[in-house]
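Chemist: Below, each chain spelled out in residue letters.
Protein chains: 2
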Amino acid sequence: MLLLEIDEQSRKPHYQQIVEQIQEKIENQMLPPGEKLPSTRRLAEHLGLHRSTVASAYQELWALGFVDLRPGACPKVRERMQLATVERRTPAGVVNWSAIASKASNAVWQTSREWEQESGRERKETGIDFSNLNIDYRLFPLDHFRSCLNQAIREHGLQLLGYGERAGFSPLREYIARHLQGHGISVTAEEILITNGLQQGIDLVFRMIAEPGKAVAIESPTYSEIIPLLRFCGLKPIEIPMRSDGMDLDVLEQAIAREKPVLVYTMPNFQNPTGVSTNQAHRERLLSICQQHRIPILEDGFEEEMKYFGRVVLPIKSMDKEQLVIYCGTFSKVLFPGVRIGWIAADKECIARLISIRSFSDLSSSMILQAGIYDFCQNGHYERHISKMHRLFRKRMQTMLEVLQREIKPAWASWREPSGGYLVWLKLAELKGKTPDLPEILRRHGVHAAFGDSFFLSKSADLHLRLSISQLNEAEIVRGIECLAQALAEVYG
Amino acid sequence: MLLLEIDEQSRKPHYQQIVEQIQEKIENQMLPPGEKLPSTRRLAEHLGLHRSTVASAYQELWALGFVDLRPGACPKVRERMQLATVERRTPAGVVNWSAIASKASNAVWQTSREWEQESGRERKETGIDFSNLNIDYRLFPLDHFRSCLNQAIREHGLQLLGYGERAGFSPLREYIARHLQGHGISVTAEEILITNGLQQGIDLVFRMIAEPGKAVAIESPTYSEIIPLLRFCGLKPIEIPMRSDGMDLDVLEQAIAREKPVLVYTMPNFQNPTGVSTNQAHRERLLSICQQHRIPILEDGFEEEMKYFGRVVLPIKSMDKEQLVIYCGTFSKVLFPGVRIGWIAADKECIARLISIRSFSDLSSSMILQAGIYDFCQNGHYERHISKMHRLFRKRMQTMLEVLQREIKPAWASWREPSGGYLVWLKLAELKGKTPDLPEILRRHGVHAAFGDSFFLSKSADLHLRLSISQLNEAEIVRGIECLAQALAEVYG
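Just so you know, the sequences run in chain order A and B.
The end of the first sequence is residue 493 by my numbering, with every number in the run present.
The end of the second sequence is residue 1493 by my numbering, with every number in the run present.
Chain A with its partners taken away, still in its complex shape (with noise of 0.2 Å):
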């Protein structure tokens, strides 16, 4: 007979100790597999127990695997499967990942994994870095952030542990319409979509319009990430150059004439990764253009706050009398990056259905962190930090600019200066035959930029570096300006 003990002083239920006595001789093999057990009405009587106690164990062990039952047999211990422990598993797996990933996704991992190696190889310990555009996050001011993000659950508690309104925290969406009106863009709360940064901004407007054969226009060079993501949705990019002061607009209305594309993606200041901010005119020939066709417009504002040296040109949605431009915002290039909120504000139909899809995504952004950041920005902290990011980043770019001025020859490279922001684009002289291994020149001399290559989808004949100041103080500027110098001198001299 099986051996089982029932403890009458135990708060544990009788049927959970019959159980746990059970289990415990099966898995230290005391019970083989195949094994019989007897009867509920045998071992009910041998421990002085209902029957129902012992079915209510045996249906449990049945539960978790350690034994069969049959109508009118006796239960039986069952072979069940191992855990899955480390030492236990397969080191490869079964699954062929890539027969199960679709093509589109097999090469947005391509595409990852090679920019690994190539940030891997470029390893960054020592030197000045230009090739990050990431904000320097040392200037946030996360004490304040901290109190306002106390204070904001403080206040509305519990009210920000739901999922919340799906288009995000009204306040915050009222905050950021106030504060687009100081940018000539006149919309309502209603307008406005609150995404996880920008960049799930332009993921759900692609994700919108994404079907095989669709194009979308974009300028060419452009933010290295977006003609990966086109690809993954799906979307033919078209290429459109950039010229000095923004891209060619007879080549972009050649394009549509040819490609009808469903989207132009724009990024009509200080431009990543030229630097380039379109003017008034720029802006209202594109605007009308589009307007013309009714091709929507996507306008990628993401360093709208950092326009310090003047020269205010509003947005194109600020003249968008016919709703089809979808502006993208952010709070990661002035505030800092993890913050990972930004916004939408364009068509109410058009938000309707970029927040249906966002639905089905990621359901909504988290309600502390907005709330967080609107007391932030409520509390006048917002537009005080800009104005400190626009005093430190005037005189950053100034001295960037007239070190490059004094260092740089005239031989080696040109550039144009910009109106704001962070970048400034080189455009390197030609290399006459010979092929220099650039990215270990510039290592040698402890300096790094980013290469034009990233940023083009066919070849540029030209060669380009994109430089950063967005990390960098005016000594580390300098520095960096300096060894960048001596390393074009190699190359060049």
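Note that these hints are calculated values from the structure, not bench results.
Incorrect hints may have been included.
Quick list of in silico lysine-lysine cross-link-like pairs, PhoX-like style, CA-CA up to 20 Å [as the list claims (entries may be wrong)]:
#, chain 1, residue 1, chain 2, residue 2
1, B, K1214, A, K103
2, A, K236, A, K260
3, A, K214, B, K1076
4, B, K1012, A, K388
Following the hints, complete the assembly by docking chain B onto the known chain A.
Modeler: Leaving out everything else, chain B in the frame of chain A:
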């Protein structure tokens, strides 16, 4: 001559003063479009300034779109596009969004609107609401969480402001790996990706495989967002009927032979909407079938923590030696939904692929909240909160089952007792020719429930109600079921 005044006392640069005064005159129509401005030389002489100062001012006015500049000619006032204030906007806009949007995103929008109309129709101001599966976040220890958030920000400081690791905050991933060990799952932190809630985990997996013609096997009925999301991703849902012990595995085997799905999506615990938990043998057989065909399983462990009635059947992932189970978990169903932190535990290559997609879609989750939740977990608050939820919901579910037993006649409906979670799935008796407006009758009796239809792809012959107790205390449960009994008495009486 143009009347401008330079204020030598002002801190504003001279060129800026010129810009502002000319801009004002243009905006006030004092300088109409087409009007010629003086040459730089003349205006400079007149104001007693250097020519380059005036030239800068004209450059800026040009960038802002107020003047046209042509070499050798005087600047001319330009007809500038007006700002699109709310009054000036075309109410409807020119874009036909349903033509721009893909077929799939039009469908998602349609679904969203239907759901909104329904939830609008079923206003739940009054009465007891069994329709909502959101957790009762009034139970959440918000003050403890606030302290943890503060502690995390103080401890990690600026580190939390960057994008952080793409897979998520590593201490949190390590905690989740340890916590999963308690559910029998052996994975390392490298096999975990933090997502914006479990929903994003599902979306990422679907996006990884999305390709026309590919199929995914799902339970029927299932979580209402699954079918629209699959279709949005261009994937074909294959319905496998739910039996009282889980997905019908014989039907699954036939479907695999016939339609070769690339993924099987399952909720082994407290399935939404049926509340069914599968037993160990079912889990083993499902895993064996998928191993044999090398088909990954997407295991949705959304209520893994809520096994408060004993019968701790371990997740399928716990036996996954061949690494084909993609396990998704979340904090939303125990802590609060707005936390927007979930995770995926899967094969390393699969995780790397999902991260690559995520990097192009919304980059990463906010480090600040991740660090706050980590602190909350690390200080034992999470485990304590789970114990509290177990105590509360064990009693609440017992009350629910007792009052159902007492109030609902067998002639009206049948149900199974769940082994935990928040759901009871009521199968209503056949209505023999009657077609009463059930939602309306329930509302009239002050009670709301989710109707079965929304969880099936194909129409189900039977009528079901999904009753969720996730937001109700015992008194509310008793009152709600009493109201439901009155409603059903009216229907069947």
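Chemist: Now tell me, hint by hint, if it's right for this structure.
Modeler: Against the structure, the hints come out as follows:
1. B:K1214 <-> A:K103: Judged against 20 Å, a Cα distance of about 12 Å means the pair holds.
2. A:K236 <-> A:K260: It holds: about 11 Å lies between the C-alpha atoms, which stays within 20 Å.
3. A:K214 <-> B:K1076: 42 Å, violated
4. B:K1012 <-> A:K388: 18 Å, holds
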